[in-house]
Amino acid sequence: MRKKSKSISYAKWGYVFILPFFLCYFIFSLIPLLDTVRYSFFEYYRSGIKEVGPTFIGLQNYASLLQSDMLKYGANTLILWVIGFIPQILIALLLAVWFTDVRLKIRGQQFFKVVIYLPNLIMASAFAMLFFTIFSTNGPVNSILMSMGIIKERIDFLGSVLGTRSLIGFMNFLMWFGNTTIMLMAAIMGISMDVFEAAEIDGCTGFKRFYYIILPLIRPILAYTLITAIIGGLQMFDVPQILTNGQGTPDRTSMTLIMFLNSHLKSKNYGMAGALSVYLFIVSAILCFIVYRMTNDNDPDGSKAAAKRREKEERRRRK
Amino acid sequence: MKSKKPNALRSVVAHTVLVILSFMCLFFFYILIVNATRSHADLQKGFSALPGKYFLTNLMKVANDGTFPMFKGILNSLIVSGCSAALCTYFSSLTAYGLYAYDFKLKKVAFTFIMAILVMPTQVTAMGFLRLITNMGMYDSLLPLIIPSIASPAVFYFMYSYLQSSLPLSLVEAARIDGCGEFKIFNRIVLPIMKPAIAVQAIFTFVGSWNNYFVPALVIQSKDKMTVPILIATLRGADYMNFDSAKIYMMIMVAIVPIIIIYLLLSKYIIAGVTLGGVKE
Numbered sequence: 042m043r044k045k046s047k048s049i050s051y052a053k054w055g056y057v058f059i060l061p062f063f064l065c066y067f068i069f070s071l072i073p074l075l076d077t078v079r080y081s082f083f084e085y086y087r088s089g090i091k092e093v094g095p096t097f098i099g100l101q102n103y104a105s106l107l108q109s110d111m112l113k114y115g116a117n118t119l120i121l122w123v124i125g126f127i128p129q130i131l132i133a134l135l136l137a138v139w140f141t142d143v144r145l146k147i148r149g150q151q152f153f154k155v156v157i158y159l160p161n162l163i164m165a166s167a168f169a170m171l172f173f174t175i176f177s178t179n180g181p182v183n184s185i186l187m188s189m190g191i192i193k194e195r196i197d198f199l200g201s202v203l204g205t206r207s208l209i210g211f212m213n214f215l216m217w218f219g220n221t222t223i224m225l226m227a228a229i230m231g232i233s234m235d236v237f238e239a240a241e242i243d244g245c246t247g248f249k250r251f252y253y254i255i256l257p258l259i260r261p262i263l264a265y266t267l268i269t270a271i272i273g274g275l276q277m278f279d280v281p282q283i284l285t286n287g288q289g290t291p292d293r294t295s296m297t298l299i300m301f302l303n304s305h306l307k308s309k310n311y312g313m314a315g316a317l318s319v320y321l322f323i324v325s326a327i328l329c330f331i332v333y334r335m336t337n338d339n340d341p342d343g344s345k346a347a348a349k350r351r352e353k354e355e356r357r358r359r360k
Numbered sequence: 000m001k002s003k004k005p006n007a008l009r010s011v012v013a014h015t016v017l018v019i020l021s022f023m024c025l026f027f028f029y030i031l032i033v034n035a036t037r038s039h040a041d042l043q044k045g046f047s048a049l050p051g052k053y054f055l056t057n058l059m060k061v062a063n064d065g066t067f068p069m070f071k072g073i074l075n076s077l078i079v080s081g082c083s084a085a086l087c088t089y090f091s092s093l094t095a096y097g098l099y100a101y102d103f104k105l106k107k108v109a110f111t112f113i114m115a116i117l118v119m120p121t122q123v124t125a126m127g128f129l130r131l132i133t134n135m136g137m138y139d140s141l142l143p144l145i146i147p148s149i150a151s152p153a154v155f156y157f158m159y160s161y162l163q164s165s166l167p168l169s170l171v172e173a174a175r176i177d178g179c180g181e182f183k184i185f186n187r188i189v190l191p192i193m194k195p196a197i198a199v200q201a202i203f204t205f206v207g208s209w210n211n212y213f214v215p216a217l218v219i220q221s222k223d224k225m226t227v228p229i230l231i232a233t234l235r236g237a238d239y240m241n242f243d244s245a246k247i248y249m250m251i252m253v254a255i256v257p258i259i260i261i262y263l264l265l266s267k268y269i270i271a272g273v274t275l276g277g278v279k280e
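Here the protein sequences come in this chain order: L and C.
Under this note's numbering, the first sequence has 246 at position 205, and the numbering climbs by one with no breaks.
Under this note's numbering, the second sequence has 238 at position 239, and the numbering climbs by one with no breaks.
Simulated pairs of lysine to any residue, SDA-like, Cα-Cα distance not exceeding 20 Å:
| no. | chain 1 | residue 1 | chain 2 | residue 2 |
| --- | --- | --- | --- | --- |
| 1 | L | LYS146 | C | ASN6 |
| 2 | C | LYS107 | L | LEU60 |
| 3 | L | LYS53 | C | TYR101 |
| 4 | C | LYS107 | L | TRP54 |
| 5 | L | LYS307 | C | ARG235 |
| 6 | C | LYS106 | L | TYR51 |
| 7 | L | LYS146 | C | LEU8 |
| 8 | C | LYS246 | L | SER177 |
| 9 | L | LYS53 | C | ASP102 |
| 10 | C | LYS44 | L | GLY190 |
| 11 | L | LYS53 | C | GLY180 |
| 12 | C | LYS107 | L | VAL57 |
| 13 | L | LYS113 | L | ASN286 |
| 14 | L | LYS307 | C | VAL214 |
| 15 | L | LYS146 | C | ARG9 |
| 16 | C | LYS267 | L | GLY149 |
| 17 | C | LYS44 | L | SER184 |
| 18 | C | LYS183 | L | TYR56 |
| 19 | C | LYS107 | L | TYR66 |
| 20 | C | LYS107 | L | MET335 |
| 21 | C | LYS44 | L | ILE191 |
| 22 | C | LYS104 | L | PRO61 |
Simulated coverage check for chain L against chain C, where a stretch passes if three residues somewhere in it have a Cβ under 8 Å from a Cβ of chain C:
| no. | region |
| --- | --- |
| 23 | 60-70 |
| 24 | 170-179 |
| 25 | 272-282 |
| 26 | 295-304 |
| 27 | 320-327 |
Read the hints as simulated data drawn from the structure, not as lab findings.
Just so we're clear, the structure is a prediction, and the values are computed from it rather than from any experiment.
Quick reminder that beta carbons are idealized off the backbone N, C-alpha and C, glycines included.
Bound-form chain L, shown alone (with noise of 0.2 Å):
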């Protein structure tokens, strides 16, 4: 009786030390993203600075978004997330087994790790700033080349729709494959040692090792860091937009959706960045609860996994 009492006492602690968050939650993020869901009902923008609305018109800047190009600029988002993931998650993978495994004994594997995490902490402004002057036509890129005699006119990397979007690719590439290899690292080394042993016995090696072995077993974590990293593509802004200032240069095609949005607020486009953003909100909830789903403690999911996994190895090992 008397510890009842006194665990409900404490009980008020725990809602003063949740409360800041929470607090502060609400103010910066929730009543933001209920206004922002208001105003995609209404009519509201300035036009020079003439103030128009608000005015109520339904679902119209829905209706008139799917008419924009917003297609498009998502297809574009799409289209530069899959240049940079592809290499990333394969490069990644290579080289997360090759740091595990022992046998092939890398050296310098600290220096290796430091130097590929290293573009992940890079301002991505700058970085991206940087890029636009080493591949601008009289950049050092085009010096080197010319001066080993690759190419005989210097190229316009920026002016071409390619060239754009290869860059921009490349450079998410460079900044997350790092990221992405410590992560799969840290879950090889999660996997027991036993099976690797027992996995050698049977004479499961090299490519066998890692299809058979590696690849099921990090499955939860390869499909965790792929979602995260739709997310993080989806939000893909510092790049393009310093890249091509904010233009989306060569006509628009490396336009993406966070750029677009950037481009509503910034005219003052209340209306069109309200609706827009609560079609990004409806992607990213969905996404979120995938997550939300896979880092859950008592996620069904990945018990459910687990048990079918352990079965069928089960039933292999019966075999």
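Got chain L sorted already, so can you dock chain C onto it with the hints?
Only chain C this time, still in chain L's reference frame:
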């Protein structure tokens, strides 16, 4: 014996690939450093692999440039990132401790809520955020860049996992028996235990805030309040062709170098911290 040869071959391949990748990572920074030490006239002539002697001249040019107050920008960035890191780690620890150590009715709801918003992008609320801070009179000030960091779900999750693995509740009980108040328990006992987690997250929050561009670009208007990424963006928007290109390289270098120094000093902890944050045990 039989397996030795392919392993040697694999080892050569692996090392070659790693060297190439490292080269790719470092090459651009090498160009940056070399070009930041050369003069504009030298740069026009073409690329040289060797650094020049104009490092200090270029640095002075950047320091004295009134249109791009780089060092004022660094100061602003330091203030924002430092305060964000401090607030974020302290309040995330506090929240994590509150949810970990106490039993209360809404505990589960609160935890589920935070987990649900774990990876929600801040961009989707940007429009409402902008209107809110304008109404609160905080437009064009550094405060809206600092205060929201109190609520960082990802840092909370990291702190919570850390508490689970390293704070026995019996310790809290013992402190209570000794008559220690709840806040005192947190500040004097829990915080010191969480020091390693706080250090790692402080670094990541600092770097994240230092590099953040989207929100500051919307909030900050006046030149003397601009943070480094906005200055870089203004640099990109400026009339580029009439620029001293050596100065541009130096500006980029000034923006990047503080983080590189922090990284090289703390790389061990940072790399260890990457996996602690993201991977569920």
